[in-house]
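Each protein sequence line maps, in turn, to chains A and B. Heads up: the first sequence at position 169 corresponds to 370 in this note's numbering, and the numbers run straight through without jumps. Heads up: the second sequence at position 49 corresponds to 1467 in this note's numbering, and the numbers run straight through without jumps.
In short, the hints are calculated from the structure, not lab data. Among the hints, erroneous ones may be present.
As the list claims (entries may be wrong) - Cβ-to-Cβ under 10 Å is the rule here; a few derived chain A residues that face chain B:
no.	residue
1	V216
2	R223
3	K252
4	G261
5	D315
6	A425
Nothing here was measured: the structure is a model prediction, and the numbers come from that model. Idealized CB from N, CA, C, for every residue including glycine.
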Amino acid sequence: MRPVVLDTSVVLPAVLSPRGYRRRFLVVLAFGALAARRELLHQEADALHAKSASTSGQLGGGAFDALAEQAHARYARLREALPTGCPDDWRLVASPPLLAEYERKLREAGPRLDPTLREEDVDVVRRQIAATCVEVTDDFDPELIPVYTADRKDDPVIHTALLADATWLIADDTKHISTQPEGITEYRLPGADRRVSAVTFSRFLDHLADVDLDQVDPGLLGVAYRSPSSS
Amino acid sequence: MPAVRSQPKLLSTKQAAELLNVSKRTILNWIESEKIPYVKLPGGDYRVPLAGLLASLSGTYRLDEEIRALDERYATVSDADVQAALEGDD
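Same shape as in the complex, but just chain B (with noise of 0.2 Å):
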C-alpha cells in the first residue's frame, strides 16, 4: 500500500479536474492560459503536477479575497454553530 508521496504526482486533466471539481474544459483552459504547469505528451494529453496545481490555486482565484468575504458572512459563527449544523446531518 503506497504511502504518502513516494515520487511526485502527475494528474491527468480528468483527476485534476476532479479534484478540484471543476470542468475538464477548466482545466484545459488554464492550461492554455499557461496559468498552470503542464507536460503535453506526444498522443496531445495533458499531465498537471499535483504541487503545482495547488500553488496555482492562489493565482487562478483570489483566494484571500475569498477566505475575507466567508470570514466577514460568518464574523460571529463558532466552532460549535458548524458542529450543530453537522449533527443534523447524522
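Chain A on its own, in the form it takes in the complex (with noise of 0.2 Å):
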C-alpha cells in the first residue's frame, strides 16, 4: 500500500481539468480506492458487530456486503478498461482540515477560472475527493500543528502527509518543494520518526514505474463510480 496526499496545487486540476495527466493519476488512486474498499468495508462490519455487541446498540443502515460487492464490480470494470497491470495499491489520504483547505482554494480562485462557478460546484469537488479518498486522518487544528513552512496555510498539507505516513506528499506548489531535477524535500513530524517525501507532479512521474499515464484514459475516473448495474 502506497499513501499519497495531494496538494490543492494538484488535486483541483485533477478534478477540473478532465484531459490533464493529474487526472489520470486520480483515475490510479480511484482504481486503489475500490481495490482497498472491500476489505476495509469487511474490517468495519467487523468493528460495528462489536460496538454494537459492547454497547448493546442497534446496527442498521447499508449492508456491508452490498457496498462491498458493488466496490468489487466498479474495481473489476476499472480493470478491464485500464492498462494490464496497472497498480492497484495507491491509496488517497486527506484530512479534515485539508479537504477545508481544498474547499476554500476552489472557493478562492474557481471564479478566476470560471465565473459561473457555483457552491454547488465547490461541494460537488469535494464529493468527488472525499470519494476518491481511502482514508481521513484524525481531525486536527491547523493552528496548532507544528510550523513546517514560512507559510502556516501551507503546513496541513504536509501535516496531514506526516500523520498519514504518506509515501510521497505531491506539491506543484513550488515555494516549499525543491524543482530540482531528482529534487525532493524531506519533512518531519519533529518528536517522532516519521518522514515524508514531498516532490512536484513531474518529479513524481519519475517514480510512478509501473503504470504508463498516456495509456490511463481520464475520462475512467467516472467509471468508478457508475453504479455496477448501469452498461
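Join the two chains, each given in its own frame, into one complex according to the hints.
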C-alpha cells in the first residue's frame, strides 16, 4: 500500500481538467480506493458488530456486503478498462482540515477559472475527492500543528502527509518543494520518527514506474463511481 | 502519533457531517433512510464507519453523472489553466 497526499495545486487540476495527467493519476487513485474498500468494509462490519455487542447498540443502514460487492464490481470494471498491470495499491489520504482547504481554495480561485462557478459545484468537487479517499486522518487544529514552512496555510497538507505516513506528498506549489532534478524535499514530524518526501507532480512521475499514464483514459473517473448495474 | 489506520474508524454524526460538508440533518436523513451503515448506541447517538460512509457516496449521489457534467463544462480546461487560477490566490 502506498499512501499519497495531494496538495491543492495537484488535486484541483485533477478534478477540473478532464484530460490532464493529474486526472489520469486520480483515476489510478480511484482504482486503488476500490481495491482497498472491500477489505476495509469487511473490517468495519466487524468493528460495527463489536461496537454493537459491547454497547447493546442497534445496527442498521446499508449492508456492508452489498457495498463491498459494489466496490468489487466497480473495481473489476475499471481493471478491464485500465492498462494491464495498472497498480491498485495507491491510496489517497486526506484530513478534515485538508478537505476544508481544498474547498476554500476552490471557492477563492475557482471564479478566476470559471466566473459561473456555483456553490453546489464546490460541493461536487469535494465529494469527488472524498469518494476517492481511502483514509481520512484524525482531525487536527491547523493553528496547533508544528511549523513546517514560512506560510502557515501550507502546513496542514504537510502535517496530513506526516500523519498519514504517506509515501509521497505531491505538490506543484513550488514555494516549499524543490524543483531541481531529482529534487525531493523531506519534512519530518517533530518528536517522532516519521518523515515524508515531497515532490512536484512531474518529479513524482519519475517514481511512478509501474504505470504509463499515457495509457490511462482520464475519462475513466466516472466509471469508478458508476452503478455496477448500469452499462 | 497514530498512523493512517490501526483499526476501523467510527465517526459521530457531527464528524461525518463535517467531513463531507453536509449538515448533521443530512447524515441523520441518510441513517433514517438506511442509506449508510451505522450503529445506534443506547443513548441515542449514532456511529458511522468511515469506509462505509465514503463507499455510500456513490449511492447517496450520482457521482458518475456529477463528474460527467463537470467534464463537459471544463472540457477545454488544462492543468495549467487551473494552476494559473490557483496562483492568483497566493
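Per-residue hint verdict: R223(A), partner chain B, C-beta under 10 Å: Status holds, d = 6 Å.
Proposed interface contact between A425(A) and chain B, which counts if any beta carbon pair is under 10 Å: holds (8 Å)
Agreement of hint D315(A) with chain B interface, Cβ distance less than 10 Å: holds (7 Å)
Restraint check, 10 Å cut-off on beta carbons, for K252(A) near chain B: holds (5 Å)
Interface hint for G261(A), Cβ within 10 Å of any Cβ on chain B: holds (6 Å)
Agreement of hint V216(A) with chain B interface, Cβ distance less than 10 Å: holds (7 Å)
When each numbered hint is compared with the structure, no violation occurs for any of them.
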